[in-house]
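Q: In order, the protein sequence lines correspond to chains R and B. Residue 164 in this note's numbering sits at position 164 of the first sequence, with consecutive numbering throughout. Residue 32 in this note's numbering sits at position 32 of the second sequence, with consecutive numbering throughout.
Here chain B is said to cover these stretches of chain R; the calculated rule only asks that three of the stretch's residues, wherever they fall, bring their Cβ under 8 angstroms from a Cβ of chain B:
#, segment
1, 68-81
2, 85-94
3, 111-121
The calculated DSBU-like cross-link candidates involving lysine-lysine, where the alpha carbons are at most 35 angstroms apart (straight line), are:
#, chain 1, residue 1, chain 2, residue 2
4, B, K26, R, K56
5, B, K40, R, K93
6, B, K26, R, K126
7, R, K93, B, K26
8, R, K243, R, K195
It is worth saying that the hints were derived from the structure and are not from the lab. Virtual Cβ for every residue (Gly too), placed ideally from N, Cα, C.
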Amino acid sequence: MVSIDIQGASVDFPIFDAKTRSLKKAVLGKAGGRIGTDSKVPIIEALRDISLSLRKGDRVALVGHNGAGKSTLLRLMSGIYEPTRGRARIIGKVAPVFDLAVGMDPEISGLENILIRGLFLGMTRKEMDARVDDIAAFTELGDYLDMPLRTYSTGMRVRLALGVVTSVDPEILLLDEGIGAVDAEFLAKARDRLKELVERSGMLVFASHSDEFLADLCSTAIWMEHGTIREHGPLREVLHHYKGRDVLAEIEAR
Amino acid sequence: MPPPLPDEPGPRSWSRAFGDLRQGWKQRPLWGYLGWQDIKQRYRRSVLGPLWISVTMAVVATAMGILYGALFGEDIATFLPYVATGLLIWYFINGCILEGSEVFIANEGLIRFLPAPLSLHIYRLVWRQSLFFVHNLVVWAVLILIFPQPLGWSLLLAIPAFALLVLNGAWISVLTGIIATRFRDIPPIIASLSQLLFFMTPIVWQYETLLRNPAVAERARIAELNPVMHFVEILRQPMLGQEIAWRHWYIAGAITVVGIGAALVCLRNYRSRVAYWV
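This is chain R alone, in the form it adopts within the complex (with noise of 0.2 angstroms):
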């Protein structure tokens, strides 16, 4: 059962400067007694006190201003964060796209390059060898993909990564922005492809400012704001609300 559980979690990350991350201070620390407030670490509270549930069929939008948590509460949802209060459970194979330029290595092929990609989402070599024609073609990059990666352009990578993880069949889909950077053709493709996807296979989560894509991909949304969530509720209410208008009769009427 694909399901994403998630209950009173929180995820503070502590700052260290050059000072508290060392050893000395922690050590000279102990024998001096505390020091005012730099004797305890900074923190960021990133997330605060997330509750949620999803299952298989959900295909949930993230919406909210720069730095309310969005990236946060995706890598909370990928398993990367384990949360420092609450619980999550993650149940299904997670197929994240964060930052295209990880787990990419430039100096290796584009080829090459989709094997490691592939390995590392949970497949096998052999499923990623019957596979590699297969997104070879989605990505039309033909004779390039045996170049090193880092003759590549920004868009070209992204055919590459969202080539590789709508192919390995992910149950539990997770993307963020920044898919921006490919051309309106290859867009629509990508569009396509990632629709049969969630269609076909279970859950996605999206973290985006484009409204257009969101109206095309999800039904439901999360608003964010300064690290909780500020509502969860069918896509049209949250980005009514969040936008102040109807932004998918906007669409609509488009």
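Given chain R, work out where chain B should sit, using these hints.
A: Coordinates of chain B only, in the frame set by chain R:
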């Protein structure tokens, strides 16, 4: 309202710690591939490729063997294989310790952006060091051919000895890796200690030779306190056909047990914090 999750094990639980190790092990194809890639990467576009590892090792071992052999007045035919074998083992141990302390810091991007078990990075590191070891092993084999040593059935002991070394490489990477991610002074401390450790370990000098010299015998005994010495001895003795001194095995075994225990406790308590610290 989401259903409560009282049965879900917390971030600091044994089940999650062992789950991490198990899951990482399952991803053998991934770290197996990445480990190879790391090595190929280093010598990409060079003509000799990974063969450079063996060549470098051969040059260093020969130079050191000749230099220190002359200094200590040793016979090259026995001393050169002795230095080479010691270096071979030292490179593995040193690689695990040095890279172990940076294992999570170096993989910051992967840890923060791709969900994967922490142990994946440990397996990859130990695997990579083992591959280096195999490349260097060629030098040992060549030297044994040139300067035959009294090898016997005890050579088989090299296998469990190397297995012990691998286990220790793994636990020390877990332990120093986690601590160093939190306290960034650890890697430079370890780097400077490793220089010292090299000369404290009988690699370019022979423990027995020093013991026979009454002027330094007292000081030479300090080497017994150096844990690395015991690990070097358990593998070097069978590889050179020397008589096996079992006390090294007992000490190495005890260190392994204690080390694995400490690493597991550390993994249980701080595994989930590493993503926050990197």
